[in-house]
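Participant: Read top to bottom, the protein sequences are chains A and B. Under the working numbering, think of the first position of the first sequence as 191, with each following residue one higher. Under the working numbering, think of the first position of the second sequence as 713, with each following residue one higher.
Honestly, the hints are just simulated from the structure, not real lab data. What you are looking at is a predicted structure, and each value in this text was computed from that prediction instead of being measured. We treat Cβ as the ideally placed atom computed from N, Cα and C, and that holds for glycine. Just to be clear, a hint being listed does not mean it is correct.
Derived contacts from chain B toward chain A, CB cut-off under 8 Å, selection only [said to hold, decoys possible]:
(1) Thr841
(2) Met850
(3) Thr964
(4) Ile966
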Amino acid sequence: MIFSGLDLTIPQGRITAIMGPSGTGKTTLLRMITGQLAPASGDVRVAGQSVPGLPREQLYQLRRRMGMLFQNGALLTDLDVFENIAFPLREHTRLPERLVRHVVLTKLQMVGLRGAARLMPAELSGGMARRVAMARAMVLDPELLLYDEPFSGLDPISLGVILRLIRRNNDTLGLTSVVVSHDVEEIAQIADFCYLISGGRVVAAGTPAELGSSDDPLVAQFMSGAADGPVPFHYPAEDYRKELLGGG
Amino acid sequence: MVAEPPGFFAGLFRSLVRGIAKLGAAVLFLGDILRSSPYALRRPRLLAEQVHNTGVLSLVIIMTSAFFVGMVLGLQGFDALARLRQEDLLGAVVALTLLKELGPVVTALLFAGRAGTAIASEIGLMRATDQLSAMEVMAVNPVGRIVAPRFIGGVIALPLLAAIFSCIGIFGAWFIGVAVLGVDNGAFWTQMQEFVSTEDVREGVVKSIVFGIAASLIATFEGYNCPPTAEGVGMATTRTVVTTAIVVLILTYIITALLL
Numbered sequence: 191m192i193f194s195g196l197d198l199t200i201p202q203g204r205i206t207a208i209m210g211p212s213g214t215g216k217t218t219l220l221r222m223i224t225g226q227l228a229p230a231s232g233d234v235r236v237a238g239q240s241v242p243g244l245p246r247e248q249l250y251q252l253r254r255r256m257g258m259l260f261q262n263g264a265l266l267t268d269l270d271v272f273e274n275i276a277f278p279l280r281e282h283t284r285l286p287e288r289l290v291r292h293v294v295l296t297k298l299q300m301v302g303l304r305g306a307a308r309l310m311p312a313e314l315s316g317g318m319a320r321r322v323a324m325a326r327a328m329v330l331d332p333e334l335l336l337y338d339e340p341f342s343g344l345d346p347i348s349l350g351v352i353l354r355l356i357r358r359n360n361d362t363l364g365l366t367s368v369v370v371s372h373d374v375e376e377i378a379q380i381a382d383f384c385y386l387i388s389g390g391r392v393v394a395a396g397t398p399a400e401l402g403s404s405d406d407p408l409v410a411q412f413m414s415g416a417a418d419g420p421v422p423f424h425y426p427a428e429d430y431r432k433e434l435l436g437g438g
Numbered sequence: 713m714v715a716e717p718p719g720f721f722a723g724l725f726r727s728l729v730r731g732i733a734k735l736g737a738a739v740l741f742l743g744d745i746l747r748s749s750p751y752a753l754r755r756p757r758l759l760a761e762q763v764h765n766t767g768v769l770s771l772v773i774i775m776t777s778a779f780f781v782g783m784v785l786g787l788q789g790f791d792a793l794a795r796l797r798q799e800d801l802l803g804a805v806v807a808l809t810l811l812k813e814l815g816p817v818v819t820a821l822l823f824a825g826r827a828g829t830a831i832a833s834e835i836g837l838m839r840a841t842d843q844l845s846a847m848e849v850m851a852v853n854p855v856g857r858i859v860a861p862r863f864i865g866g867v868i869a870l871p872l873l874a875a876i877f878s879c880i881g882i883f884g885a886w887f888i889g890v891a892v893l894g895v896d897n898g899a900f901w902t903q904m905q906e907f908v909s910t911e912d913v914r915e916g917v918v919k920s921i922v923f924g925i926a927a928s929l930i931a932t933f934e935g936y937n938c939p940p941t942a943e944g945v946g947m948a949t950t951r952t953v954v955t956t957a958i959v960v961l962i963l964t965y966i967i968t969a970l971l972l
């Protein structure tokens, strides 16, 4: 069981952060929003529709209104940058080639990688791959954009770029954004609202400032990054002294 | 540690149940592929690419192996037939062996090693790097976009490869038998015409189509369902070769028994 009694609402037009220690099922939560995983009980509603019960055709219709940025970009390795971004357009629309080119170049310009259009995914740095994936997630002009750990493993410059892009996309395109992350400082800069998940349920909710000044020990430990606290430093184990002296 | 007899049988029973469950999953997967294949058939470029990957890129290994298999058949066949003073039958014996059995079977085994592993590891890596998930989120069915073209490509390519294998094999046997060992050229070909019937060719064609379906299904199934780790992808490629080899050898016996 990953979640139990989990209840959260994503406000429209805002950036909502979902935070929590590693292994709390944050990615699982995103996969339930996209309908790749179904909850054993309970409901997931997106744009008024119940995702778990949707037949494939309608689920695919709903997914066209969402974009998702995967942890490592998940670019299609046999296509170059341009074709990766053109992929959703070619699959779902019958736009003439001239228009496809136009749309793709516009999106690439937004993430600053128009010059990289003909590179292959293997030639990109981690930060560039994530920006390309961001352009791809936005190419069908989604209403909801999901980010899975967008900051992990980036150098400070790439990280700043991604942060700015998430904020700017959300505000200029009128998107609803959900950012799953455990990078507290980064999230605090851009999120309008935060949920802190631990042990399968929401333990705290509020603006980054509210969470930062919380006196709940778990929230305080997470926000300050203390090694020990309600989330123990040690993985559950038998008594240290007994195990060392017990031989084996 | 040696397992206790009850444990041994329980283990055997469990692997049997697992095997049957896997067979069922593979059949469901085949249904999924067939339902998604209209998507692939509407995109001939994707199909052509996969026929190229599985077929054209396997040509060198198929042709080289075929030539040597044919030469061995020529040598062994000549040696055996010479003891019966029936060297003239070499052409017929070699052609029957290749067309009915060795052509389709050896081609399927080589196909599993060359194209099957490539398919399994490619799809497995796509799974491991979230590319299949990304497609799903982009509302593109990965079974239609990735699996079906590779499956259909394999089903088209394997019978063609098997036909090429048999032709080159016969040429190899001709080279050893006629050009080197001195079997009469006219006898080699007329005896072949005399004894090889359309039914014999048909048996080979049926086998190569069935093997094409089996080998392509196993490769795509193992790749698509592999654990998303480096170890998982490695295991999927190994299982592709092992399972294809066993399944092809079982199938060839069943088809032979049914058609003879």
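Participant: Work down the list of hints and note, for each, if the structure agrees.
Facilitator: Do the hints match the structure? See the list:
| no. | hint | in the structure |
| --- | --- | --- |
| 1 | Thr841 | holds, 6 Å |
| 2 | Met850 | holds, 5 Å |
| 3 | Thr964 | violated, 34 Å |
| 4 | Ile966 | violated, 35 Å |
Of the numbered hints stated above, those contradicted by the structure are hints 3 and 4, listed in ascending order.
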